[in-house]
Amino acid sequence: MRNLAFQGTWRAYQQKILDDLANLIGDDGLHIVAAPGSGKTILGLEVMRRLGEATLILAPSKTIRDQWAQRLRAMFLPADVAEPDWISHDVRAPGTVTIITYHALHAAFSGRASEEEIADSEEEDNDRAQSVEAGKQETDKARKKIIAKLREGNVRTLVLDEAHHLRNEWWKALTMLKEALGKPTVVALTATPPYDVDPQEWDRYQALCGPIDGEISVPELVLQGDLCPHQDYVHFSLPSTLEAQKLAEFRAQVADFIETLLESAEFKLTILHHPWIMQPIGNVEHILDDARFFSSMLIFLNAQYVDLPQSTLDILGVKAREIPDLTLEWIEVLLNGVIYTHRDDFQDAERTIRYQQDRLREIKAVEHGKVRLTDPRSVQKLLVSSVSKLNAIVDITRLESASMRDELRMVILSDYIRKDMLPTGPADVPPIERMGVVPIFETLRRSGVDLKLGILTGSMVLIPAGSKGILDEIADDLGIGAEHIRYQQAAFDAGFVSVELAGERGRNIVHMITELFGRGGITVLVGTQALLGEGWDAPSVNTLILASTVGSYVLSNQMRGRAIRIDPQAPQKAANVWHLAVIDPEKLEQRIPLRFGRKSTDRKAPDPFDTMTIDLGSDVDALKRRFYAFEGLSFGEPPLIESGFQRLMLGTARWDARGVDDINKMMERRAIDRKALKARWHSALHSKRAVARMQETLKSNYTPKGLVNWNTTKFLFAQSIALAGLILGEFLQDFEVTDIRSLQELESVLFVVFALLAIFCLPGAFKAGRLLLRNGSLEGSMKQVGTSVLEALHHMGVIRTGLEKVSVEATLDQNGIIYCRLEGATTIERSRFLDAMREVLVPPQNPRYILVRSSKLWRWKRVDYHALPSIIGRKKEDAIYFAQLWNRYVGDSELVYTRSAEGRLMLLKFRAKSFASAFTRKTDRVSRWE
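Here this note's numbering = 1-based position in the sequence shown + 51.
Do not rely on the hints blindly, as some may be mistaken.
[Claimed, not checked] List time: in silico BS3-like cross-link candidates among lysine-lysine, alpha-carbon distance up to 30 Å:
id : residue 1 : residue 2
1  : Lys964    : Lys856
2  : Lys234    : Lys67
3  : Lys421    : Lys319
4  : Lys187    : Lys200
5  : Lys223    : Lys195
6  : Lys421    : Lys432
7  : Lys297    : Lys675
8  : Lys192    : Lys229
9  : Lys926    : Lys319
10 : Lys297    : Lys195
11 : Lys67     : Lys729
12 : Lys926    : Lys223
13 : Lys421    : Lys960
14 : Lys200    : Lys223
15 : Lys234    : Lys192
16 : Lys234    : Lys196
17 : Lys370    : Lys415
18 : Lys964    : Lys675
19 : Lys432    : Lys370
20 : Lys415    : Lys675
21 : Lys200    : Lys234
22 : Lys470    : Lys432
23 : Lys926    : Lys960
[As the list claims (entries may be wrong)] Label-pair restraints from in silico Cβ distances:
id : residue 1 : residue 2 : range
24 : Ile665    : Thr60     : 36 to 44 Å
25 : Pro326    : Glu860    : 16 to 24 Å
26 : Thr60     : Glu220    : 36 to 44 Å
27 : Glu484    : Lys67     : 16 to 24 Å
28 : Ala144    : Asn54     : 18 to 26 Å
29 : Lys470    : Gly554    : 18 to 26 Å
30 : Ala125    : Gly520    : 22 to 30 Å
31 : Lys67     : Lys200    : 32 to 40 Å
32 : Asp395    : Lys927    : 33 to 41 Å
Everything labelled a hint here was simulated from the structure, so no lab data went into it. Computed from a predicted structure; not experimentally measured. Here a beta-carbon is modelled for each residue, glycine too, at the ideal position from N, C-alpha and C.
Using the sequences and the hints, build the whole thing.
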């Protein structure tokens with residue numbers, strides 16, 4: 052360890068952390084959040100070196116494990132030194148530095164041999180036998196033996212790389228290890244903290260890794276020159292003819308099923324005779340347990356022209372005209388309740404229900420005991436794995452190859468290898484009908500595009516035969532002799548050879564192929580996201596195609612991080628990241644008819660934030676979710692840096708076949724102009740603020756302004772009448788008709804009446820005026836809601852930063868969308884604040900407490916509901932404190948406990964109001980550079 056010395060130059064953020072290391076590391080260790088490609092591995096090794104103690108490094112995969120050893124050797128040891136013998140990859144025989152995977156730690160603690168996990172995860176239908184867990188006594192013995200070895204080696208530092216979203220058994224092994232070592236120094240490094248998890252899981256993560264000590268965003272790193280300018284593009288396509296036919300057949304079957312269902316008098320009577328419909332008052336408790344099913348029955352009957360009694364509607368607190376339209380989503384809720392959840396309530400109609408269930412099974416609209424009419428998994432899988440994406444990959448590759456020529460370094464990531472689809476000979480040209488590494492490779496090989504094509508997976512490596520000499524040079528540089536490398540010419544094409552390394556040297560294969568790729572021996576590399584999607588370091592990548600179906604924001608962000616690293620050999624690098632999406636033509640053309648009933652539709656409610664108001668299907672929806680995690684450059688003018696799909700500015704696009712082609716051409720024009728991309732990043736990064744940074748913000752189309760305005764209007768209107776009356780009295784007094792006694796009497800009466808009215812309304816008017824001044828604007832109202840949440844969380848100790856150092860900021864854009872953020876707080880404090888705000892503003896799930904405001908303006912009555920955030924509603928005293936703050940800052944409301952009979956009924960009305968409302972409350976968390 053003493054011989055280690057960093058051989059490079061520190062980046063600005065790394066130097067800042069190292070300069071302040073003594074203050075940052077503390078009792079909780081060090082916890083750093085930085086984007087993929089920012090140099091976290093090098094930073095972790097330097098912190099380990101400075102601590103100077105025996106260290107255990109844990110990584111999420113073999114690839115990343117091997118990179119730790121490679122970085123240590125390349126950046127901290129002289130060039131001619133091989134890997135030292137004090138570096139170990141076996142926790143059973145630890146060295147001064149031991150580098151293993153989380154999986155290997157769990158396997159060792161369980162008394163099993165270490166297993167290789169990557170190759171298994173690259174095959175779709177691998178039903179590998181799970182290792183049988185050893186008995187508890189044997190497991191305890193194995194764990195104690197390993198811990199004794201680590202103690203004997205005086206291991207006092209744990210380095211945790213991406214220690215989040217781990218399997219439960221890995222969590223347990225990590226927790227036991229940390230406790231057994233007796234407060235070791237933990238150095239936690241991550242690009243994607245698990246902000247998306249529930250508070251309990253976050254607490255578990257923070258207990259392991261400690262509070263976040265430093266965080267740096269992608270735009271900050273681009274500004275400092277530590278990441279390259281980059282842009283996300285989407286290539287849209289339509290399903291193949293065969294796939295479109297399958298979609299059309301399924302949707303036609305769904306349409307026929309619904310048509311028959313709505314014509315069925317027996318099914319209609321079955322719903323009408325349900326006890327919740329017949330005797331709603333006597334079944335309130337049951338209705339409260341499943342309000343959505345009750346609502347679905349009312350919506351169905353209303354669409355069938357059934358006049359529902361007001362007593363039934365009163366349970367939900369709605370009028371007949373407020374009942375929502377019948378949609379596919381509501382029919383799903385209805386059928387799932389009738390066929391599965393509440394089947395016992397329909398015993399007299401078993402024959403009718405069995406008939407409908409059999410019909411649903413016939414059209415394959417039942418999955419795992421659940422009715423799926425909108426997007427069953429078969430439809431989702433068909434779209435996400437559509438072979439039309441293969442044509443999209445060829446189009447993108449041809450475009451990028453023509454633009455970049457020999458400088459192209461493209462990586463294509465897929466989920467599965469599909470080795471069985473590799474041709475057996477030159478004449479073997481089977482049709483390509485599935486997505487995967489081999490299908491992508493074969494499609495490109497057959498396309499005729501001039502490329503140096505290769506494959507890199509955990510179990511298969513293919514390179515161009517002409518690049519064999521370069522690979523031999525790389526192997527020689529690593530001290531690997533030719534006798535340890537096995538080449539075999541591909542049976543289907545003499546232009547390719549497979550590569551294998553014998554024994555322990557096999558660990559070097561990823562590094563060798565990466566180096567070959569960097570030197571241009573391969574220009575288009577196809578691999579799996581399991582091997583290359585996380586932690587793989589290839590600075591030369593300048594084009595990435597994500598052909599993976601993964602929707603996780605953590606993995607998506609990790610995969611995208613492969614392309615945005617700077618390349619010392621290409622200082623002007625700018626990277627293109629391509630996403631693939633297949634449009635559902637059936638959704639596009641809205642072909643599912645619901646022709647029966649007065650209120651029915653097949654269109655789902657539009658997202659108020661989504662500029663693309665048309666439903667393009669599940670594959671595009673998954674892509675939008677993926678973009679939620681990406682902070683990138685907008686297509687608008689001036690360019691902005693923000694997260695979310697809306698930054699691609701596709702709101703006015705046409706979504707027919709010609710329009711899709713126009714969108715793709717627009718994407719292609721932008722993609723080939725990398726010089727303009729760098730200029731746009733420069734423009735967006737230089738914000739008007741003195742110190743620009745990424746701000747995590749709550750974006751909402753709703754704020755409780757109406758609570759203020761309703762009573763504000765009432766009291767100020769009454770006060771205005773009173774003042775008008777007094778003025779009228781003065782006017783009559785000055786009116787020179789002294790001989791009219793009745794006028795004098797009228798004047799006196801008016802004066803007394805309006806004076807009393809003014810006195811009576813004065814307190815309410817004063818309070819209403821004060822609230823109007825404070826909350827008069829939408830952003831003012833949002834700020835007051837935020838202040839209530841902030842002070843409550845501070846009172847609870849969730850936010851520990853002093854209130855004098857933090858502030859709630861709210862702004863309004865030209866579209867009426869309000870943005871709210873917390874300034875001056877720590878990262879996790881901001882996250883907790885935004886989570887709580889979101890729960891206040893969106894429709895309820897199942898809160899323990901709600902705030903209810905009832906008000907009248909003469910004949911008009913209004914009721915407003917808001918949920919208490921779950922983190923505040925856990926304890927009664929916290930809920931009461933929040934209600935007091937709400938009454939002070941926002942307006943008077945009643946705190947209702949929803950676990951009581953009365954409270955549950957109130958919650959039911961709250962839910963029903965959100966179902967029935969034509970206005971959809973929507974709140975999202977977004978990141979913006981400002």
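A quick look at each hint next to the structure:
For the given pair, lysine 964 sits about 38 Å from lysine 856 by alpha-carbon distance, which is inconsistent with the 30 Å threshold. Taking the CA atoms of lysine 234 and lysine 67, the gap is about 26 Å. The hint holds against a cut of 30 Å. Distance check on the hinted pair: lysine 421 and lysine 319 sit about 21 Å apart at the alpha-carbon level, within 30 Å; holds. Distance hint between lysine 187 and lysine 200 is fulfilled; the C-alpha atoms sit about 20 Å from each other, no more than 30 Å.
Distance check on the hinted pair: lysine 223 and lysine 195 sit about 14 Å apart at the alpha-carbon level, within 30 Å; holds. Our distance criterion of 30 Å between C-alpha atoms is met by lysine 421 and lysine 432, whose separation comes to about 17 Å. Simply put, lysine 297 and lysine 675 have alpha-carbon atoms about 24 Å apart, close enough for the 30 Å limit, and the pair holds. In summary, the hint linking lysine 192 to lysine 229 is supported, as the alpha carbons are separated by about 17 Å, within the 30 Å threshold.
Between lysine 926 and lysine 319 the CA atoms are separated by roughly 45 Å; this puts the pair beyond 30 Å, and the hint is violated. The hinted pair formed by lysine 297 and lysine 195 fails the criterion: a straight-line CA distance of about 57 Å is larger than 30 Å. As the CA atoms of lysine 67 and lysine 729 are separated by approximately 26 Å, the hinted pair is consistent with the 30 Å bound. For the suggested pair lysine 926 and lysine 223, the alpha carbons sit about 29 Å apart, so the restraint of at most 30 Å is met.
Of the supplied pair hints, the one linking lysine 421 and lysine 960 holds, its CA atoms being roughly 27 Å apart against a limit of 30 Å. About 19 Å separates the Cα atoms of lysine 200 and lysine 223, which keeps this hinted pair within 30 Å; it holds. This hinted pair checks out: lysine 234 and lysine 192 have alpha carbons roughly 22 Å apart, not beyond 30 Å. The hinted pair formed by lysine 234 and lysine 196 meets the criterion: a straight-line CA distance of about 19 Å does not exceed 30 Å.
At most 30 Å may separate the alpha-carbon atoms for a hinted pair to count; lysine 370 and lysine 415 exceed this at roughly 37 Å. Simply put, lysine 964 and lysine 675 have alpha-carbon atoms about 28 Å apart, close enough for the 30 Å limit, and the pair holds. A distance of roughly 41 Å separates the Cα atoms of lysine 432 and lysine 370; the hinted pair therefore is violated under the 30 Å criterion. Taking the CA atoms of lysine 415 and lysine 675, the gap is near 27 Å; set against the 30 Å cutoff, the hint holds.
Proximity of lysine 200 to lysine 234 is assessed by CA-CA distance (about 17 Å); at most 30 Å being required, the pair is judged to hold. Of the supplied pair hints, the one linking lysine 470 and lysine 432 holds, its CA atoms being roughly 20 Å apart against a limit of 30 Å. For the given pair, lysine 926 sits about 23 Å from lysine 960 by alpha-carbon distance, which is consistent with the 30 Å threshold. A hinted range of 36 to 44 Å is violated for the C-beta pair isoleucine 665 and threonine 60, which are about 51 Å apart.
A hinted range of 16 to 24 Å for the beta carbons of proline 326 and glutamate 860 is inconsistent with their spacing of about 52 Å. Checked against the hint of 36 to 44 Å, the pair threonine 60 and glutamate 220 passes, with Cβ atoms roughly 41 Å apart. Against the hinted window of 16 to 24 Å, the Cβ-Cβ separation of glutamate 484 and lysine 67 comes to about 53 Å, which falls outside the hint. For alanine 144 and asparagine 54, the hinted distance range of 18 to 26 Å is satisfied, since their beta carbons lie about 21 Å from each other.
Look at lysine 470 against glycine 554: about 22 Å separates their beta carbons, and that is inside 18 to 26 Å. Between alanine 125 and glycine 520 the CB atoms are about 23 Å apart, so this pair conforms to the stated range of 22 to 30 Å. In this structure, lysine 67 and lysine 200 meet the distance hint of 32 to 40 Å, their C-beta atoms being roughly 37 Å apart. For the pair aspartate 395 and lysine 927, the beta carbons lie near 36 Å from each other, so the given range of 33 to 41 Å is met.
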